[in-house]
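Enquirer: As a plain string of letters, each chain reads:
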Amino acid sequence: MIARITPTVVAICILFVSTRANAQAAPPAAHQDVAFDFMNLLSQHGLHDLDDERWNAYGQFTYISSWKLPFHAPYTNANGSINSLLPNYERSFTATFTLFFGAKLWRGGEAYFVPELISERGLSQLRGIGGAIQNFELQKTGSEIPQIYRARLFYRQMIDLGGDHLVGDSNPMQLGRILNRRRLVFTIGNFTVLDVFDHNSVTWDPRQTFFNMAFMTHASWDFAADARGYSVGSAAEFYWDDWALRIGRMAPPQHPNVLPLDFKIWEHYADVIEVEHDHVLFGQPGAVRLLGYRNYEVTGKFADAIAAYKADPKKNAASCTSYNYGSENFSAPDLCWVRKPNAKLGIGINLEQSVARDVGLFARAMYSDGQTEVDAFNSADRDFSFGAVAKGTLWRRPFDVAGVGIGLSWISAIHAQYLNMGGVDGFIGDGHLNQAAEGVFDVFYSVNILKAIWLAADYQFLWNPGFNADRGPVHILGAKIHAEF
Amino acid sequence: MPNFNITQRPTLFLITVAILLSASHASAQQQVRGFAVDRFYTSAPGGGWLVMDELNMHGSFGGAIALNLGYASNPLRITNGVQSLSVVSHQAIADFGFAFTYDRIRLYLNLATPFAIKGQSGNIANNSYTGPSVDWGSNPDVLLDARVGFDARIFGRPGSPFRLGASAQLFIPSGKPADYETDGTWRGMIRALFAGDVSFWTYAAHIGVHIRPLNEAKIDGAPRGSELLFGVATGPRLWVGRATAIIVGPEIYGETAFKSFFSSPATGLEALMSARIESLGDNRANFRIKLGAGGGLSPYFGAAQWRVVLAVELFGCKDVKH
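Protein chains in written order, with our numbering: chain A, 1 to 485; chain B, 1 to 322.
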C-alpha cells in the first residue's frame, strides 16, 4: 500500500507537485484580523499591508503547568527496569517563547526563520506514558535552564497553477498574499513534518487547544525528528481545487530519540505521503486526509531483541555496550543488541467536520506495524482519538476556546511481549506488563483576555499508563497561559 | 521526543580510560572550559558596512532583514613560540538579523547559527584544550548568543558630513562554552558611533566597551574581562546608476582587554577589504549585497587568520518623514 519511495521518485514528485499555509513541532494558530498582534497593529496604522506582505514577524509565549496526583501502582520500575511513571505527586512544566520571521525573496519564494526558547520539566523524566503525554510541548527536549535553539529555517516556493483565488492570511510562517486554489508548493530546509502534514483545523494549534499530546497528531506516527520534534528535509504539495497531495522526506535522528540528525538521507529516511479532500457537508466545511509513512532508520525490532536474549541471556538490558536507555534489568531483552536499518510502516486517517459556526468535530486513527521501537515520537503502535472543539461564539466570547476529547492508543503483541519480559523502549517499560489500551480523557477551557492572552484550565484522566492495566488511573490537572503577539 | 536515559557505556569507558592514562600529564594542565570565540560583531541589520554603521536610519516606520554568511580560519590559534594549536580552526556561521527603524532609531535582533565549528585538541602553554566539533548533523539546532541591540543617531542627518550615534547591545547566552559558542554569561556593549559622507567619500567608526564578565587571564586566547572596542571604515561611494552605488573600502576593527591593555595576547585586530553594492532607489524596498575578505593584523584573541563574509540586506521604510 505504501510504496517504497526512492529518492528518484521523490525528486520526480517534487518536480510535479506541494503548502498549506500555516502550520509547529506543533503548528501555530492563525491570527485573526481583530487579534491584538504586532502585524495587525502596523496594519491598523497604515504601516503594513497584510494582504501583500514582503515580510512579517510574530511571536508567542506559552507556560503550561501540570500536576499529577498520586495513583495506584502495585509495582514501579520492576527488576531494574526504569521507565515507569512514578506513582507519587509530581509537577511538570514547560515554558516556550517563539519568534516567527518570514520574508518574501522573490515571486513565490519565501524564507522563514523561527528561533525558540524552552524551559521544561517532565513528569518522571518523561517516562511511563505511551501515547498520551500530558503536555504536547514535552516532545521537545530541554531542561529547567532555558535553552535557545533554531526551530526552523526553511525556504518555500509557490507556483501558481490557476483556479479560483484564496486569501492567504498573514500568519506565523505564512506571508499574507492571494493564493490560487491550484498550486504547487515546495518546502526545503529545517522544519517539522507537522508544518506540512496532518493538519486539522479543529484541533489546530495545541497551544490553543488540548494540552495532551494525543491530540497533536497521530500518536503512533513515528515521524522523523530530532529530540525537539524538528528535522531537515523537503516536502512537495500539489493543490487542485478541493484536493491536495503531499509528499516528503525527512532526516531521522542518529540514534532513537536524540538531538543529532542522520544527514545520510539517501540511506536512512522517513517518507510520508498524504492525500486530502476538502468537502462541504450539510453546508459545513470538512476534510478527510489519508496519510501513509515509511521510515527506514536504524532501530531495533522487538522480535530480534527477544530472540537475541533467548539465544544468549548475557545479551540483556543491563549489559548493553552500545547506545541504550540505561535499564539495569539483567533478566530483560534490550533493543541495543539488535539495532540495524529497519523499515516501519503506518497508515492513518484524519477527519474534521464543522457542525455549526465555530464548532467542530475531529477524529484521527492510525495503524503502524509495531515491529520496531520508537525512533522519534512516542511508543504507541496504533491510535484513535476523537473529540470536539468550540470557540465561544455561542456564548459571546468568540476568542474563548473549549474542548473535550478522548485519545486511545495501543501497542502490538510483540511490543507487549518485549515489555512484559522487562524490556524498555524510549519511554515505557515498567518491568512487567498487563497489556491494555492506554487512554486519556482531556477537557479544557481557555479564556481570552485582550484578544492576545489566553488563560486555560485542563483536566486529564489517564488510564493504563504505559499500556499497563496494573497501574493507574492517573488524574492530571493543568493550567496554561498563552500569549500571541 | 527526547529521552533522558540514554547511555553509551563504551564512550564513557573510553573517556574514563583516557582520563586515567593522561592523569600524570593532567596534573599540570588546566582544562579550558571554552568561551565565545567569535569577535566578528556584524553591523546592525541595515547598518551598511560589514562591521561599522552608516547611521542612515530615516523615514517613518521601516525595517531591515539581513543574512551574513561568514567563514573564519583559525580564529583561535594558541602558540607558545615553538608549537601552535588551532583550537578553533574553522568557523562557518550564518547570522540572521531583523531590525525595526523609526526616524533615527533602530531596534534589532541578531541570531547566528553555526554550520561548522571545528578545531584541534591538545595541551599547550600549561592548558588543555578540547577542540570543538560542531556541524548541522551533530548539533542540528544550535544558536549562538542572541544579540538584542538599540541604536540611535543623536546628531546629523542622513548623508551629512558628520553623524554621531549611540548603540547598546545585549548578548543573551546560548550554545555551549565547550564548543566555543558562548561564554555562558550575559554580555553587553555600549558604543559611540560615527559616520559621515563628504562628497563621494564615506566613512564610519566606532569606539566602545564590551562588558564581559568572563575573565580567564591564565588561559591564552581566553577573555580577560571587559574590553575596549574600536574600528574604522572608509571608502569612496561610486554611483553606477541613479540609485545604485558601489562602496569599496577597508574596515579595520578590534578589541583589547582593559586588564592587559593593548598587550598582544589580549588584543585582536582584523582588517577586511569590503565591497558592497546597494540599491537605494525606493524607500520601501532597498537591498545591499556585501562582500568582505581579510584577516588578522594581530591574529590573537579571536581575530581570525583570514575571513570571508558575504551579506545580503533588504531594508526600507514606509515613507520619508519630512
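Calculated from the structure, these hints are not laboratory results. Some clues are possibly wrong.
Unchecked claim - Under the rule of at most 30 Å between Cα atoms (straight-line distance), these lysine-lysine pairs were calculated in the DSS-like manner:
1. A:K104 with B:K318
2. B:K218 with B:K318
3. B:K176 with B:K218
4. B:K259 with B:K318
5. A:K264 with B:K118
6. B:K218 with A:K451
7. A:K264 with A:K310
8. A:K340 with A:K264
9. B:K318 with A:K264
10. A:K340 with A:K104
Enquirer: Hint by hint, say whether it matches the structure.
Expert: So, going through the hints one by one against the coordinates:
Proximity of A:K104 to B:K318 is assessed by CA-CA distance (about 17 Å); at most 30 Å being required, the pair is judged to hold. Between B:K218 and B:K318 the CA atoms are separated by roughly 52 Å; this puts the pair beyond 30 Å, and the hint is violated. Restraint check for B:K176 and B:K218: the C-alpha separation of about 21 Å stays at or below 30 Å, so the hint holds. For a cut-off of 30 Å, the pair hint linking B:K259 to B:K318 is broken: about 46 Å separates their Cα positions.
Straight-line distance between C-alpha atoms of A:K264 and B:K118 comes to about 20 Å, which keeps the hinted pair within the 30 Å bound. At roughly 55 Å between alpha-carbon atoms, B:K218 and A:K451 are farther apart than 30 Å, so this suggested pair is violated. Our distance criterion of 30 Å between C-alpha atoms is broken by A:K264 and A:K310, whose separation comes to about 33 Å. At most 30 Å may separate the alpha-carbon atoms for a hinted pair to count; A:K340 and A:K264 meet this at roughly 15 Å.
For the given pair, B:K318 sits about 45 Å from A:K264 by alpha-carbon distance, which is inconsistent with the 30 Å threshold. In summary, the hint linking A:K340 to A:K104 is not supported, as the alpha carbons are separated by about 42 Å, beyond the 30 Å threshold.
In this structure, the earlier hints numbered 2, 4, 6, 7, 9 and 10 are contradicted, and the remaining ones agree with it.
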